[in-house]
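Colleague: Between the sequences and the hints, there should be enough to build the whole structure, so can you do that?
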Amino acid sequence: MKKIVFFFEVHQPRRIRYYKANEIGKNHEYFWDDRNAEILNRVSDKCYIPATQMLIDSGIKSSISISGVLLEALLRTRKDVIDKFAEYFDVGGGEIVAETYYHSLSSLWNEPEFKEQVKLDSDLIKTLFNRTPTTLSSDLLIYSNEIGRLAHEMGYKNIIAEGTDRLIKNHDPNYLYSNPYGQNLLLRNYRLSDDVSFRFSNRSWNDYPLYADKYAKWLADAPGDVINLFMDYETFGEHQWKETGIFEFMKALPKEVESRGMEFSTISEIGQSLKPCNTISVPNYTSWADTSRDLSAWLGNDMQRDAFEDLKSLSNCADKETWRYLQTTDHLYYMSLAGVADQEVHSYFNPYGSPYDAYIHFKNIIEDFRLKCFYKKQ
Amino acid sequence: MKVSVLGWELPPSFSGGLGIHTINLFTILSGVMEVVVYVPDFPQLSDHYPFGVTKVNIGELGSPYSTSGDFYDMVLEYNARLVETFDPHTDIIHAHDWITVPAAIKLKKKYDLPLVVTFHSTEYDRSGNFNPQERIMSIEKEGYNRADRVITVSGYTDKILRVLYGGHGNTTVVYNGVSSSIFSNVKKNYSSRSTVLYFGRVTSQKGPTFFVELAKQVLRIVDDVKFIIAGTGDQYWQIKEMVDRFGLGSNFEFTGFVDEASAVKLYRDSDVFVLPAVSEPFGMTVLESMSTGTPTVISKTTGVGEALFNSLKCDFWDVDRMSDYVNSVLKHRPLREILGERGRIEALNFSWERAAIKTLEVYNSL
Chain A
1 MKKIVFFFEV HQPRRIRYYK ANEIGKNHEY FWDDRNAEIL NRVSDKCYIP
51 ATQMLIDSGI KSSISISGVL LEALLRTRKD VIDKFAEYFD VGGGEIVAET
101 YYHSLSSLWN EPEFKEQVKL DSDLIKTLFN RTPTTLSSDL LIYSNEIGRL
151 AHEMGYKNII AEGTDRLIKN HDPNYLYSNP YGQNLLLRNY RLSDDVSFRF
201 SNRSWNDYPL YADKYAKWLA DAPGDVINLF MDYETFGEHQ WKETGIFEFM
251 KALPKEVESR GMEFSTISEI GQSLKPCNTI SVPNYTSWAD TSRDLSAWLG
301 NDMQRDAFED LKSLSNCADK ETWRYLQTTD HLYYMSLAGV ADQEVHSYFN
351 PYGSPYDAYI HFKNIIEDFR LKCFYKKQ
Chain B
1 MKVSVLGWEL PPSFSGGLGI HTINLFTILS GVMEVVVYVP DFPQLSDHYP
51 FGVTKVNIGE LGSPYSTSGD FYDMVLEYNA RLVETFDPHT DIIHAHDWIT
101 VPAAIKLKKK YDLPLVVTFH STEYDRSGNF NPQERIMSIE KEGYNRADRV
151 ITVSGYTDKI LRVLYGGHGN TTVVYNGVSS SIFSNVKKNY SSRSTVLYFG
201 RVTSQKGPTF FVELAKQVLR IVDDVKFIIA GTGDQYWQIK EMVDRFGLGS
251 NFEFTGFVDE ASAVKLYRDS DVFVLPAVSE PFGMTVLESM STGTPTVISK
301 TTGVGEALFN SLKCDFWDVD RMSDYVNSVL KHRPLREILG ERGRIEALNF
351 SWERAAIKTL EVYNSL
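So the protein sequences, as listed, match chains A and B.
Numbering-wise, the first sequence is residues 1 to 378 according to the working numbering.
Numbering-wise, the second sequence is residues 1 to 366 according to the working numbering.
Hints should not be assumed to be uniformly reliable.
To be verified - Think about it this way: if two alpha-carbon atoms lie no more than 27 Å apart in a straight line, the pair counts; the simulated DSS-like pairs of lysine-lysine are: (1) A:K251 with A:K214; (2) B:K331 with A:K20; (3) B:K331 with A:K312; (4) A:K20 with A:K372; (5) B:K300 with A:K20; (6) B:K216 with A:K20; (7) B:K331 with A:K372; (8) A:K372 with B:K216; (9) B:K2 with B:K106.
Just so you know, the hints here were simulated from the structure itself, not pulled from any lab data.
Modeller: As structure tokens, this is what we get:
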């Protein structure tokens with residue numbers, strides 16, 4: 001029976017605020033917490049609560065990763081969202097997947113730091129949901145053999161990656177693979193995923209409007225054993241507003257999927273029920289971001305690389321917690337100067353209006369943080 | 001198709017924004033249609049232009065914006081002579097700014113010709129919204145309301161006109177071009193020398209006082225920065241005095257009037273260009289600076305800014321934010337390079353060819 005796997009990434013960064021140069025050395029408050037709380041409330045009401053309820057009501061199994069940064073923010077002000085997720089994991093067939101607590105790029109350069117951030121996340125998951133994830137999602141589907149090795153060393157059985165054009169030329173994403181370390185490797189089917197997460201409400205799209213029966217037919221017609229539909233959880237109600245009919249679409253999906261002889265499955269169930277058909281090696285980093293599906297959304301220009309070097313240079317700082325909040329990938333993403341096709345997506349997410357502003361505030365904060373960490377006593 | 005352009009100035013007699021616009025735009029348009037440009041017979045006009053020019057005799061006059069004598073009376077005199085000189089064998093009258101509006105309206109009525117009026121600036125901009133002249137505004141308003149088509153150099157200017165004079169159903173924004181080859185054929189070096197440039201008339205409209213305030217803020221954080229004020233104007237001495245009063249004299253350089261060759265060098269050798277204009281309809285200098293690869297920090301009330309991605313924009317009065325921008329550009333090489341390189345490419349999009357095509361579309365819509 002063909003399996004349909006939904007994986008959702010749930011994350012909100014702790015955004016930094018407009019931080020002026022004349023505050024350097026005087027003000028160590030970096031975060032835009034009133035704005036963050038406001039956004040969290042909005043996303044909780046428009047997406048997290050109704051989307052999770054929708055999954056529970058319609059009996060759609062899925063795998064979900066939630067960043068630690070978001071979990072702790074929810075704990076502070078929106079405990080109801082945590083409870084809703086817990087309900088889904090307990091009775092709705094949902095599965096929780098591990099990631100780095102700070103939704104960072106630590107996997108790229110600092111092995112112990114990455115492992116610690118993953119552990120912080122899985123510890124919090126254990127506390128909140130009493131579960132131990134067996135699947136690891138390196139944030140934003142960033143993956144390479146190297147990350148596979150790290151995940152393997154931490155004992156994770158399953159890992160997920162982008163089915164990039166280069167990869168799927170020889171490896172159909174609709175099968176289960178293994179990586180060189182013997183982990184189960186699931187590849188995102190980006191066309192069928194993006195049909196929902198990006199194109200669903202696009203009126204200039206040939207297939208608009210997308211109804212559940214049509215989509216289920218595409219899923220059924222696609223060759224293979226497993227269709228991996230990985231996307232931001234905010235797709236439901238936030239990127240695609242309620243008014244687009246996205247919730248009705250999802251609610252209608254189970255009937256259409258089942259009537260065509262398919263079923264929903266979690267990532268760990270796939271690992272148990274299917275055998276890898278082949279081993280895949282991914283030497284270079286891939287991700288699900290932008291059209292290039294690599295690291296360029298975060299490290300594509302000199303401002304981003306400069307900011308990333310700043311973060312690396314601060315690894316000996318005393319204030320680990322602040323340093324880690326600053327590692328969240330969103331700060332770098334806001335500095336992206338992506339091409340025309342992606343700029344729309346980037347501007348949508350950018351709270352500062354321009355990548356230049358994002359860089360300037362980040363640099364001011366880094367300067368103060370550096371002073372605070374290393375020169376305070378002198 | 002023939003267009004009769006009611007102009008005011010043409011290089012080399014004077015190279016203000018209007019003159020540069022007129023010569024560039026109509027040189028291109030004269031390739032596809034008949035063009036005749038009317039201008040006052042100022043002494044330094046050239047003998048030959050790539051299009052027809054009719055010099056209108058207005059008696060004993062100096063430079064086009066001479067402050068000796070009454071400028072307003074001179075304008076009215078020019079307009080009266082223009083009506084007498086005008087050759088009615090034409091298809092369209094294209095007037096520019098209030099200074100040609102009185103004749104344009106008379107000629108439109110007399111010969112029943114369609115009228116296009118381009119607004120390069122408004123009295124609101126020129127006065128820095130400080131004591132605008134009623135009589136000029138009423139001419140401006142009449143031109144705006146009587147025109148069959150209105151062209152503005154930015155959406156910003158369109159908005160000002162709408163607020164001041166009510167809406168005009170047929171307005172098109174046509175951005176100016178920049179003769180980029182003059183500016184972009186120079187090699188830019190992004191290693192910092194910490195030079196901040198103000199380039200333009202030293203007058204309240206352009207916000208030079210905010211530039212001095214900004215310098216004071218920047219120098220609080222770094223002290224080896226040079227601030228250049230290039231240009232002259234009615235606030236020149238006031239600004240010099242302000243710089244001295246703040247004790248910033250050793251960080252400032254005043255160049256006075258700058259010719260084109262020196263301008264290119266000034267742009268190129270600066271690390272950041274600042275235009276804190278209170279109200280600037282377009283802002284050609286922004287594009288010129290970008291063309292040399294020099295990053296720009298501009299006010300939100302600078303028209304061209306609305307069409308730019310690679311420029312740092314804030315309110316003209318927000319000296320805190322503006323000095324933060326300047327400081328950041330000086331401090332961070334990646335920011336300098338990316339703004340510089342991307343800005344240079346972005347400025348290339350502003351061509352006179354594009355402006356000419358847009359203008360032609362307006363003519364064709366009549």
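Colleague: Each of the hints needs a verdict: does it hold here or not?
Modeller: The hints, checked one at a time:
1. Taking the CA atoms of A:K251 and A:K214, the gap is about 14 Å. The hint holds against a cut of 27 Å.
2. Straight-line distance between C-alpha atoms of B:K331 and A:K20 comes to about 14 Å, which keeps the hinted pair within the 27 Å bound.
3. In summary, the hint linking B:K331 to A:K312 is supported, as the alpha carbons are separated by about 20 Å, within the 27 Å threshold.
4. Pair hint A:K20 plus A:K372 holds up; C-alpha atoms about 16 Å apart against a cutoff of 27 Å.
5. With a C-alpha separation of about 19 Å, the suggested pairing of B:K300 with A:K20 holds against the 27 Å cut-off.
6. The straight-line distance between the Cα atoms of B:K216 and A:K20 is roughly 16 Å, inside the 27 Å bound, and the hint therefore holds.
7. For the given pair, B:K331 sits about 19 Å from A:K372 by alpha-carbon distance, which is consistent with the 27 Å threshold.
8. Using a Cα cut-off of 27 Å, the hinted pair A:K372 and B:K216 holds, with the two alpha carbons roughly 26 Å apart.
9. Of the supplied pair hints, the one linking B:K2 and B:K106 holds, its CA atoms being roughly 19 Å apart against a limit of 27 Å.
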